[in-house]
Amino acid sequence: MLKDITIGQYFPGDSFVHRIDPRFKIIITIVFIAMLFIGSSPVCLEVGAVFCLMSIILSKIPFKMILKSLKPIVMILAVTSVLNLFLITGGEPYFEWKFIKITDQGVYTSVFMIIRIILLIAGTSLLTYTTSPIALTDAIERLLSPLKVFKLPVHDLAMMMTIALRFVPTLIEETEKIMSAQKARGADLDGGSIKDKVKSVIPIIIPLFISAVRRAGELATAMECRCYNGGNGRTKMRQLKCSPSDFTALGLSLLFMIAVIYVNIAQ
Amino acid sequence: MSEIAEAVNLEFRYDEEAELIFENLNLSFKQGEMTAILGHNGCGKSTFAKHLNAILLPSGGKVYVDGIDTADETRLFDIRQRVGMVFQNPDNQIVATIVEEDVAFALENLGGPPQEIRRRVDEALQAVGMYKYRLHAPHQLSGGQKQRVAIAGIIAMRPKCIVLDEPTAMLDPVGRNKVMKTVKKLNEEFGITIILITHYMEEASQCKRVIVMDKGKVLMDDCPKEVFSNVDKLKEVGLDVPQATELVYELNKLGLSLDTHITDENECCEALLKLLS
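First to last, the protein sequences are chains A and B.
Here the first sequence is numbered in this note's numbering, starting from 1 and rising by one per residue.
Here the second sequence is numbered in this note's numbering, starting from 1 and rising by one per residue.
The set of hints was computed from the structure by calculation and includes no laboratory data.
Don't be surprised by glycine CBs; every beta carbon is placed ideally from N, CA and C.
Just to be clear, a hint being listed does not mean it is correct.
[As the list claims (entries may be wrong)] In silico SDA-like links for lysine to any residue, alpha-carbon gap of 20 Å or less: (1) Lys236(A) to Gly112(B); (2) Lys183(A) to Gly143(B); (3) Lys68(A) to Ile57(A); (4) Lys236(A) to His136(B); (5) Lys132(B) to Lys241(A); (6) Lys236(A) to Gly143(B); (7) Lys177(A) to Gly112(B); (8) Lys241(A) to Arg118(B); (9) Lys241(A) to Gly143(B); (10) Lys98(A) to Ile88(A); (11) Lys236(A) to Pro114(B); (12) Lys60(A) to Ile88(A).
[Unchecked claim] Going by beta-carbon spacing under 7 Å, a handful of chain A positions derived as facing chain B: (13) Leu83; (14) Pro169; (15) Gln239.
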């Protein structure tokens with residue numbers, strides 16, 4: 001169950017998509033999301049799908065991995081489609097029985113929503129798949145750096161994100177260990193009513209918290225030993241450089257998507 | 001040879017009412033030395049180690065690192081750059097999500113130019129034999145490999161001295177061996193002073209000098225052969241001796257007269273062969 005979490009996972013590689021400046025990738029992703037949500041005509045989704053597919057092929061990330069990122073949202077997809085199917089009652093009815101009414105508009109909307117969500121997740125997970133978390137936080141730090149004027153602790157936020165991402169696999173491993181340990185002592189983690197299930201989480205959460213706090217203390221000492229002093233006077237080994245191909249990628253995709261949004265609004 | 005680290009009349013307590021952990025502790029470490037510190041849990045060896053790079057400051061007395069008083073806050077980074085520390089749990093020392101980024105962490109904090117950082121990171125990774133893993137994520141590595149990455153993160157700062165606080169306690173025998181080999185290499189090839197806190201007597205016997213601590217005091221301070229020949233005294237403070245020494249000790253108790261300064265298996269084998277032939 002825990003192994004299915006693919007958020008923040010990174011697949012090292014050297015494809016065109018991997019090499020695009022992370023700042024640009026973030027901007028492209030934001031515009032991509034905006035396009036999916038503003039767009040209400042199928043053209044937007046078609047463009048989004050083509051764009052998404054192209055990026056996946058260019059990134060050389062195995063298609064299986066993208067599907068894996070969609071696994072956790074299957075439930076959400078199911079609920080959304082069912083709700084849309086039954087609650088939207090406008091248009092031509094296909095099927096009617098007592099209060100249940102399925103119309104062409106309902107079918108259309110639910111398919112539309114499913115594709116929209118799939119594209120959203122696939123597109124955004126491609127961002128984390130192809131960008132190392134460090135590069136990602138680096139880019140966020142730099143994109144947000146104008147906000148330093150308003151005394152926003154941009155470096156600290158970026159550092160917190162890096163550490164959080166770094167410890168995701170470690171804590172998952174630890175959770176699994178604690179679960180096995182509690183099972184070995186006879187804890188029943190699977191069965192029972194919802195109340196029992198909630199209760200059975202407590203003996204997992206508490207040891208996990210204690211160990212996380214202890215880890216945090218040790219990590220802080222280790223960071224101090226390595227001369228950490230917040231963001232003051234810090235430099236970076238990896239310099240973010242924008243190559244002409246970055247600008248081409250950014251420019252083209254932005255133009256494309258903005259055009260789509262414009263067309264959509266103009267309709 | 002000059003002194004790299006020195007404690008003079010060191011006194012320390014965690015807070016005002018707490019008991020003194022050290023009283024009048026005097027210890028010094030020469031540049032290029034490889035020293036092991038042994039002692040039972042709670043004897044103050046980790047607390048002492050934390051004094052060597054100003055993570056803890058003395059309540060009384062002084063600690064000097066390369067001639068700098070550790071209480072001098074303005075030179076904190078100079079001190080920490082000279083004395084690096086490696087801890088027990090490799091997972092809790094790695095900050096970044098990519099090996100090479102983690103090794104670069106200290107250098108980035110010190111604010112060096114990017115090309116210089118790149119060069120030093122590659123050198124450090126090569127020195128610990130982890131260069132080909134530079135683009136891996138830490139959770140893809142074994143414990144021993146992670147610990148070597150942590151060591152690389154320290155040697156990238158080019159310290160004169162590395163304090164290792166039970167670096168092999170959480171590792172399997174293979175990882176333990178690799179880490180010890182790396183540590184020895186750093187000492188022999190790069191002349192880095194090593195202070196190794198350990199529970200493994202076999203590791204301690206590989207050092208040039210062994211310090212035994214008990215209740216915040218230095219009980220013994222000598223070369224490993226001399227220290228381990230005092231089997232009774234070591235057992236009294238709850239410590240073991242290397243297995244070879246133990247064997248010789250037991251045999252001597254039964255009336256043989258083997259050399260009590262034996263610390264490794266080969267020496268023990270030779271002595272036994274001589275006896276048998």
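Against the structure, the hints:
Restraint check for Lys236(A) and Gly112(B): the C-alpha separation of about 8 Å stays at or below 20 Å, so the hint holds. At most 20 Å may separate the alpha-carbon atoms for a hinted pair to count; Lys183(A) and Gly143(B) exceed this at roughly 25 Å. A C-alpha spacing of about 16 Å is found between Lys68(A) and Ile57(A), which places the hinted pair at or below 20 Å, so the restraint holds. A threshold of 20 Å between alpha carbons decides the hint, and for Lys236(A) with His136(B) the separation of about 19 Å falls inside it, so the pair holds.
Annotation: proposed proximity of Lys132(B) to Lys241(A) is violated, straight-line Cα distance about 25 Å (limit 20 Å). A distance of roughly 27 Å separates the Cα atoms of Lys236(A) and Gly143(B); the hinted pair therefore is violated under the 20 Å criterion. Proposed proximity of Lys177(A) and Gly112(B) is contradicted: the alpha carbons are some 40 Å apart, above 20 Å. At most 20 Å may separate the alpha-carbon atoms for a hinted pair to count; Lys241(A) and Arg118(B) meet this at roughly 16 Å.
For a cut-off of 20 Å, the pair hint linking Lys241(A) to Gly143(B) is broken: about 35 Å separates their Cα positions. For the proposed pair Lys98(A) and Ile88(A), the alpha carbon gap of about 15 Å is at most 20 Å, so the pair holds. Restraint check for Lys236(A) and Pro114(B): satisfied, since their Cα atoms lie roughly 6 Å apart, inside the 20 Å limit. With a C-alpha separation of about 39 Å, the suggested pairing of Lys60(A) with Ile88(A) is violated against the 20 Å cut-off.
Restraint check, Leu83(A) versus chain B: the minimum CB separation of about 38 Å is more than 7 Å; hint violated. About 4 Å separates the beta-carbon of Pro169(A) from the nearest beta-carbon of chain B, less than 7 Å, and the hint is met. Evaluation of the Gln239(A) hint against chain B yields a held restraint, the C-beta minimum of about 5 Å falling below 7 Å.
Against the hints set out earlier in the document, violations occur for numbers 2, 5, 6, 7, 9, 12, 13.
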